[in-house]
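Chains as they are written, first to last, in the numbering used here: chain S, 1 to 347; chain E, 1 to 347.
Source of the hints: derived by calculation from the structure; they are not laboratory data.
Hints should not be assumed to be uniformly reliable.
Claimed, not checked - Each computed PhoX-like pair below joins lysine-lysine, with the alpha-carbon atoms no more than 20 Å apart:
{"no.": "1", "chain 1": "E", "residue 1": "Lys282", "chain 2": "S", "residue 2": "Lys72"}
{"no.": "2", "chain 1": "S", "residue 1": "Lys108", "chain 2": "E", "residue 2": "Lys282"}
{"no.": "3", "chain 1": "S", "residue 1": "Lys282", "chain 2": "E", "residue 2": "Lys202"}
{"no.": "4", "chain 1": "E", "residue 1": "Lys60", "chain 2": "E", "residue 2": "Lys32"}
{"no.": "5", "chain 1": "E", "residue 1": "Lys282", "chain 2": "S", "residue 2": "Lys60"}
{"no.": "6", "chain 1": "S", "residue 1": "Lys60", "chain 2": "S", "residue 2": "Lys139"}
Since this is a predicted model, take the numbers as computed values, not measurements.
2 protein chains.
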Amino acid sequence: MKKVKLNEIARAAGVSRSTVSLALRGSPLIAKPTAERVREAAQQLGYVYNRTAAALRNRKTHTIGLVEANFKNPFFAAMSESVEREIELRDKALLFVDSAESLERQQKAIQLMLEHGVDGILLCPVKHTTPEHLEILKKAGVPFVLFSRYIPRFDADYVGAANVEGAYQAVRRMIQLGHRKIVFVGGEPFTSPWLDRVKGFKKAMQEAGIELSTHWYFCSEVSVAGGASKVDEVLQIQSTPTAALCYSDTVAFGFMLGLERRGIRPGRDFAVVGFDDLPESKLWRPPLATLACPPSRVGSMATRMLIERLDGDEGPPRRVEIQSILVHRESLCPVMEHGSGITRIDE
Amino acid sequence: MKKVKLNEIARAAGVSRSTVSLALRGSPLIAKPTAERVREAAQQLGYVYNRTAAALRNRKTHTIGLVEANFKNPFFAAMSESVEREIELRDKALLFVDSAESLERQQKAIQLMLEHGVDGILLCPVKHTTPEHLEILKKAGVPFVLFSRYIPRFDADYVGAANVEGAYQAVRRMIQLGHRKIVFVGGEPFTSPWLDRVKGFKKAMQEAGIELSTHWYFCSEVSVAGGASKVDEVLQIQSTPTAALCYSDTVAFGFMLGLERRGIRPGRDFAVVGFDDLPESKLWRPPLATLACPPSRVGSMATRMLIERLDGDEGPPRRVEIQSILVHRESLCPVMEHGSGITRIDE
DNA sequence: GTGTATAATTAAATCGGTCTAATTGGAGGA
DNA sequence: TCCTCCAATTAGACCGATTTAATTATACAC
């Protein structure tokens, strides 16, 4: 049970500790037969490489920090998966924290990562994160890449979806389909994707000369429950909306379930569009129209950008937007010809 | 940008490195005013504690390894969240790997964790894991706890749901409601929860003297798509089933969506029960009956068991089963009185 | 046979805290 | 004044691998 170290191997193989170290790392300095002998001895003794010791000397832990803001969201889960793949390929490890939309937790996580000496950090900042909160990362000199969310007026590497453009596309299509009363449902305000999606939404409405109603956006937790919880509020608007752009597919699912509960059929009585194109979106009844921006692309792009930084890329910060493509499915229906077709339960 | 270390602080505070170390860790050996002075100097200089260096000396990394088998499953995501909470409380870090149901990846993950010197490991073994695969953990002397899945004939700490009992309850209720043709849908075979759920299923059927049809179980990926993909096969059975116990809520969602697509209404024409009681299950249309076993309970229980091991608990391995409670909701309907009520598409 | 170039190996310093054993300083007692 | 005792502080070995500079061994040329 006692841990085997280089010295034991050295003794067993009849060489010095230096030789063992070099041999195990595959250094060309060591003669082949010697290296082979060393490797066998290590194997024999059940040697386990001690990365901690190596890290101390190397000033490299071969560890990447991943700080998620909300990983119960399936989009982030899928993203994390691709991050993992990229990390695994490079024989690195992932230090993981879900800040769960808590600024305090995020800051503690960052501190933790710094203390562990991660080589780099992938961060999706929680709402209300300011440049000052992230200044510590720059001071510490740790390479980091923001993903999914950026911080205004904070110059840093970033990879995320083209949110303004995506929302704009979706709303334009809704308008083409005859909708005029459109709302934006769900999402955490004070995050860049929310602001950008709302921006794209407004832009499309303004270009079409459509006035926004007094209440035209509704914030919520990004989840099925969050979407479901907003249905009543939306239906209480003076002149009932006929379409909703939802912050995410999960929100859209909840919203559709809520509509159905009120006897309103999404995809016929009410148009719904989400964001993310989750695998189940096309299986829904009705299939959910959505803005597709593959989470795996975001994840692997962010990871690769970070790796390049680790490899010494000193260029100015880069901002990469990944295209959001509108996937038109049944839930995105035209407006009903004669009246709204909606029977309000409370009437 | 240069890293501040104990020596710098020592110089600044006019004390020795030892004093700084002791002071920062809050040792009672150091006089209060001195400790305060040291802490201020550290603060001033922007010192970041180097856990790697400490770990080398301490033989403790304050790091826990979490190896998931399938964390795209929301149940695991929720579980991981509670693991994180417990870990965070104790100021430890999480080294995370999703083995994604790949044995090779799992073994590589275990190796990685050992090399990083994690203090303990939480592991949900992938299918086909044998005692031999995990022997390395025992040899290495690293405390570990299995969660959600156990390995037959492998004596180790384990926390998971009461699967046999849960499935048994569900099927008994189905039988009480008049169902006779019942199938088990979804899930990865060769994992203990699958085997146990199938076992409970069989037990209830046998006790009721109901014969199982030739094809009565259907394996699938644990996801909405997995559930949806099995609908056709289920409906092709000679005498059409009237009820399905699904491996998970996600599978049940997919299965229900598939049924609807075929014009069969779950909760009226077909009874469906899932496992997990996800937050959205009660929001579904119809609300999904399910076996509830809070993922947060599993996660925090497993983590605490591991922590106790780290704290020196040397007792024999413990197996903890967390009760699964049948939550009766609309999707668990009685069998239709006159005929199956199902119009088969292919007839 | 000697000298030199080259290949293979190794000694030893190093990474940054930790912690025990040793040292120092000051209070109090005789 | 000297001694004892205890509190506060510190020197220095240590954790386990890495890596450079130094050393030894080997080959080859003349």
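Each hint, compared with the structure:
1. A distance of roughly 18 Å separates the Cα atoms of Lys282 of chain E and Lys72 of chain S; the hinted pair therefore holds under the 20 Å criterion.
2. With a CA separation close to 35 Å, the supplied pair Lys108 of chain S and Lys282 of chain E exceeds the 20 Å bound.
3. For a cut-off of 20 Å, the pair hint linking Lys282 of chain S to Lys202 of chain E is broken: about 34 Å separates their Cα positions.
4. Taking the CA atoms of Lys60 of chain E and Lys32 of chain E, the gap is near 28 Å; set against the 20 Å cutoff, the hint is violated.
5. About 48 Å separates the Cα atoms of Lys282 of chain E and Lys60 of chain S, which puts this hinted pair outside 20 Å; it is violated.
6. With a CA separation close to 18 Å, the supplied pair Lys60 of chain S and Lys139 of chain S stays within the 20 Å bound.
In the structure shown, a violation is registered for the earlier hints numbered 2, 3, 4 and 5, in ascending order.
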